[in-house]
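Participant: The primary structure of each chain is shown beneath.
2 protein chains.
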Amino acid sequence: MARPDEDGLIARYFAPLAGPGADGLRDDAATLTPGAGCDLVLTADAIVAGVHYFPDDPPDSIARKALGVNVSDLAAKGATPLGYLVTLALPDDWTEEWLAGFAAGLRTGLSAFGGHLLGGDTVRAAGPMVIGVTAIGEVPRGGMVRRMTARIGDRLCVSGTIGDAAVGLHLRGSSPPAWAGALGGADRDALIDRYWHPRPRIALAPALRRHARAAMDISDGLAGDLAKMLKGEGRSAEIDLQALPLSGAAGRALTAAPGVMTTLLTGGDDYEILCAVAPESLDALLAEAAMAGVPLACIGTVTAGTEAPSFRDASGQVQRFGAGSFSHF
Amino acid sequence: MARPDEDGLIARYFAPLAGPGADGLRDDAATLTPGAGCDLVLTADAIVAGVHYFPDDPPDSIARKALGVNVSDLAAKGATPLGYLVTLALPDDWTEEWLAGFAAGLRTGLSAFGGHLLGGDTVRAAGPMVIGVTAIGEVPRGGMVRRMTARIGDRLCVSGTIGDAAVGLHLRGSSPPAWAGALGGADRDALIDRYWHPRPRIALAPALRRHARAAMDISDGLAGDLAKMLKGEGRSAEIDLQALPLSGAAGRALTAAPGVMTTLLTGGDDYEILCAVAPESLDALLAEAAMAGVPLACIGTVTAGTEAPSFRDASGQVQRFGAGSFSHF
Numbered sequence: 002m003a004r005p006d007e008d009g010l011i012a013r014y015f016a017p018l019a020g021p022g023a024d025g026l027r028d029d030a031a032t033l034t035p036g037a038g039c040d041l042v043l044t045a046d047a048i049v050a051g052v053h054y055f056p057d058d059p060p061d062s063i064a065r066k067a068l069g070v071n072v073s074d075l076a077a078k079g080a081t082p083l084g085y086l087v088t089l090a091l092p093d094d095w096t097e098e099w100l101a102g103f104a105a106g107l108r109t110g111l112s113a114f115g116g117h118l119l120g121g122d123t124v125r126a127a128g129p130m131v132i133g134v135t136a137i138g139e140v141p142r143g144g145m146v147r148r149m150t151a152r153i154g155d156r157l158c159v160s161g162t163i164g165d166a167a168v169g170l171h172l173r174g175s176s177p178p179a180w181a182g183a184l185g186g187a188d189r190d191a192l193i194d195r196y197w198h199p200r201p202r203i204a205l206a207p208a209l210r211r212h213a214r215a216a217m218d219i220s221d222g223l224a225g226d227l228a229k230m231l232k233g234e235g236r237s238a239e240i241d242l243q244a245l246p247l248s249g250a251a252g253r254a255l256t257a258a259p260g261v262m263t264t265l266l267t268g269g270d271d272y273e274i275l276c277a278v279a280p281e282s283l284d285a286l287l288a289e290a291a292m293a294g295v296p297l298a299c300i301g302t303v304t305a306g307t308e309a310p311s312f313r314d315a316s317g318q319v320q321r322f323g324a325g326s327f328s329h330f
Numbered sequence: 002m003a004r005p006d007e008d009g010l011i012a013r014y015f016a017p018l019a020g021p022g023a024d025g026l027r028d029d030a031a032t033l034t035p036g037a038g039c040d041l042v043l044t045a046d047a048i049v050a051g052v053h054y055f056p057d058d059p060p061d062s063i064a065r066k067a068l069g070v071n072v073s074d075l076a077a078k079g080a081t082p083l084g085y086l087v088t089l090a091l092p093d094d095w096t097e098e099w100l101a102g103f104a105a106g107l108r109t110g111l112s113a114f115g116g117h118l119l120g121g122d123t124v125r126a127a128g129p130m131v132i133g134v135t136a137i138g139e140v141p142r143g144g145m146v147r148r149m150t151a152r153i154g155d156r157l158c159v160s161g162t163i164g165d166a167a168v169g170l171h172l173r174g175s176s177p178p179a180w181a182g183a184l185g186g187a188d189r190d191a192l193i194d195r196y197w198h199p200r201p202r203i204a205l206a207p208a209l210r211r212h213a214r215a216a217m218d219i220s221d222g223l224a225g226d227l228a229k230m231l232k233g234e235g236r237s238a239e240i241d242l243q244a245l246p247l248s249g250a251a252g253r254a255l256t257a258a259p260g261v262m263t264t265l266l267t268g269g270d271d272y273e274i275l276c277a278v279a280p281e282s283l284d285a286l287l288a289e290a291a292m293a294g295v296p297l298a299c300i301g302t303v304t305a306g307t308e309a310p311s312f313r314d315a316s317g318q319v320q321r322f323g324a325g326s327f328s329h330f
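Protein chains in written order, with this note's numbering: chain A, 2 to 330; chain B, 2 to 330.
These are calculated hints, taken from the structure and not from any lab test. Treat each hint with caution, since some may be false.
The list treats identical chains as one, so a pair stands whether inside a single copy or across any two.
Straight-line distance between alpha carbons at most 16 Å, and here's what the computed EDC-like set of lysine to aspartate or glutamate pairs gives [what the hints assert, rightly or not]:
#, residue 1, residue 2
1, Lys229, Glu239
2, Lys229, Glu308
3, Lys229, Glu7
4, Lys232, Asp190
Input sequences plus hints: build the corresponding full structure.
Facilitator: Here it is in structure tokens:
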């Protein structure tokens, strides 16, 4: 296929995804009319080939991840997605086929998550591909759920299942671990799918706004992100590993190799929600999460202390992980 | 200097630039409360080392350019800057000194342009540095000035002086042209300064909202951007080169080498405003621009036609430039 120029690329692949205020991406900016009585919530996350994804991952999966990691932040803040600006730094060897697949993934992501494409930029850069997304959502005025506001005594909950993507990343890599052999094909596919395709918990946003005291999405592993959430205020946490929600596939990996627990807790890419809730609000939060169809499990409590959060297993053994146990940076 | 981790970098260099809704950049998202009765205006432009700037340009100049090219889009749309999200893809050899200089440039830009830092992301990428900025501004509801809405008969105006940065880029390069010798040190410095430091025309935004029919900023050269503005609707333009506003330095370069005119018209990086105005509104626009302290010159007229805009010189000779005569892409 001949390569179109930048305007041609935009018209062919991105304009069909544009929102009402974006005028088919033919202008240098888009307008967005916020809902009456709403605050906007803004977040930006970039993903880099070879760092956050494999260069030969399917392009539609890469697009869904680029959107999904940002929508996950919005969901954790209690926000409803409105729109996105996507900046692509393309290496010299980009192909139109790749871009067509990427645009298809954006379309899938927009349908699943909500919101429209509002703009972006396409530049050439002689390095790995860099995909930067700014996501804009809205909450009722003053309603954004903060990260740092958990209090001692709050209960800690997580959505979905923890650690699947981290195991999926190992399976996707060029040298899968020995325990990979203990998993069947369906398990492997399910775990790699979790690595490729974040499922941001948008459906949980209203319940978080109503009942959570603090929330964040889990992108760098539960252990590190929990430490981040409680940092610097004399707060720690006790986590009961028996309450940790695991998928069947992750459970089987853990049975094959107990050391997988560290991967589950520190591996990253969960894109589940970690939240703190006052004890008296826990039942209401769990009930609303259930009504929204989002599994939510209570896994521990915020405690007073300056040590890293403790993770206690069935035998009573306690493990702690330093802050920043995982970082994409 | 030891390299801090990502959180340390953010706390040290970027948190002091954060706006009121950004909570010291300690959360994964920021809130923004739009003004009553306002629309938001959103734009994203990235700059890449070796493409949009020289890798050894001063880091504070690079930061001012990254912000400035985005603010220039807001100004052309009639918008007042509110905030920015900045995504940095850092190559392996980044230094904290560089980052300190970059943050200082961001501070200078924020002071000059208005608005606060709302968030962003810092990632590692083994390639040239990529700096992506999303800028958010506001206009009274429905007030964004569009790019594609000029009508036949409208007068065409440009702010400031045209072509300085394009000449500055030649002077900044490793093999300056022969005519560079005809310029004194002050001229060279002034022209390179225009290349390094866009001066987005924020002061013109209210007058554009009130009187312009269409506007865009000139980033890829007057000739190409004018063609872009008029594309696809049976519209062309006649430009009188004698009316083109030139700086003294650019005029002296042109005297030394008449071929410099092509550079002035197609070289890019002006970050001036190109606007179309109904003939009956021209005087009001010029008067308000003068009151705002922004030089604005009427250089031609939108005409019916499908040819590229014509540029007529003092001898009556007409030159046309194809669309896309310049592209950073």
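Participant: Work down the list of hints and note, for each, if the structure agrees.
Facilitator: Going down the list of hints, with the structure as the test:
Taking identical chains as interchangeable, the C-alpha atoms of Lys229 and Glu239 lie at most 16 Å apart only when both belong to the same chain, with a minimum of 15 Å there against 60 Å between chains. Proximity of Lys229 and Glu308 under a CA criterion of 16 Å is satisfied intra-copy only: 12 Å inside one chain copy versus 59 Å between copies. When the C-alpha separation of Lys229 and Glu7 is checked against a cutoff of 16 Å, the pair qualifies only between copies, where the shortest distance is 12 Å, while the shortest distance within a copy is 40 Å. With identical chains, the CA atoms of Lys232 and Asp190 are never at most 16 Å apart, being 36 Å at best within one copy and 48 Å at best between copies.
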